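Asks: The residues making up each chain are set out below.
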Amino acid sequence: MQRQVALIKKSLFDQGYLDEQFMELEELQDDANPNFVEEVATLYFKDSIRLINSIDQALERGSFDFNRLDNYMHQFKGSSTSIGASKVKTECTMFREYCRVGNAEGCLRIFQQVKKEHATLRKKLEHYFQLARQAGPKETARRSK
Amino acid sequence: MATKSMVDIEKTKKKINVLIVDDDPLNLQIHEKIIKAIGGTSQTANNGEEAVIIHRDGGSSFDLILMDKEMPERDGVSTTKKLREMEVKSMIVGVTSLADNEEERRAFMEAGLNHCLAKPLTKAKILPLINQLMDA
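Residue numbers (the UniProt record's numbering), protein chains in the order written: chain Y, 1 to 145; chain G, 1 to 136.
Don't take every hint at face value.
Claimed, not checked - Computed list of lysine to aspartate or glutamate pairs in DMTMM-like fashion (alpha-carbon distance at most 25 Å, straight line): (1) G:K36 / Y:E20; (2) Y:K46 / G:E70; (3) G:K125 / Y:D31; (4) G:K14 / G:D24; (5) Y:K46 / G:E102; (6) Y:K46 / G:D23; (7) G:K14 / Y:E27; (8) G:K123 / Y:E20; (9) Y:K116 / G:E32.
I should point out that these hints are in silico values taken from the structure, not numbers from a laboratory. As the structure is a prediction and not an experimental result, all values here were calculated from the model.
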């Protein structure tokens, strides 16, 4: 099962869902906080869902306050960077570009991508953490560089 | 220059006391963990205004302040300026986004920072600065 966990993690990196920052978080995990990464991920998803809802509400109102939208997305991108959520971060960056040039249609389109990547990552990480818990304590598997 | 490892820092028995100023609870959790991992202790402030109040109330002194730039109530630039006006002598390290341009970074530095680091923060980025403090 340890091998399965390692393979899943490798695929998350190989497919670009996660970047080196996730490894940095795993390096911080120790016996005192064996579930640190999962706790951080849980906090990320709780906070990012709040931001997604705020952006959704702003867009549904039809009010394209690009400054406000950009502020929300700045926070979202920051959190995504902190956890190593690479694809989500990329989509956030594109959204901010559309905000910068005041492109409402672009914002709407890209926001669907942001939500899609976010949901995909959440599902994959939940599966990964569930398996990791079942597999028990392990040495941190290193991504081959 | 040789970089002190975690073990070396432990041997000196000096605990670095850090104030982490950031409005993102995720960053606060991660940065606290980083500081703990390198043998330090930390306190947090959710925005610049809290950081100013912590210093105004007295009784707290920090070796290092990690200062986020974009925060509500009072941002990192304003907070750094204020702390320097209050004659806070701690090493203040600004934490910026890669999206920040050169002008924004320069303005942040000129507010009174000692150093500026780009997010995301890692042990490897912070350790050389901790070594500087230990050697001072």
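Asks: Decide, hint by hint, whether the structure agrees.
Replies: Against the structure, the hints:
no.: 1; hint: G:K36 / Y:E20; result: holds (20 Å)
no.: 2; hint: Y:K46 / G:E70; result: holds (21 Å)
no.: 3; hint: G:K125 / Y:D31; result: holds (23 Å)
no.: 4; hint: G:K14 / G:D24; result: violated (29 Å)
no.: 5; hint: Y:K46 / G:E102; result: violated (33 Å)
no.: 6; hint: Y:K46 / G:D23; result: holds (15 Å)
no.: 7; hint: G:K14 / Y:E27; result: holds (23 Å)
no.: 8; hint: G:K123 / Y:E20; result: holds (13 Å)
no.: 9; hint: Y:K116 / G:E32; result: violated (31 Å)
In summary, the structure is inconsistent with hints 4, 5 and 9 from the numbered list given earlier, while agreeing with the others.
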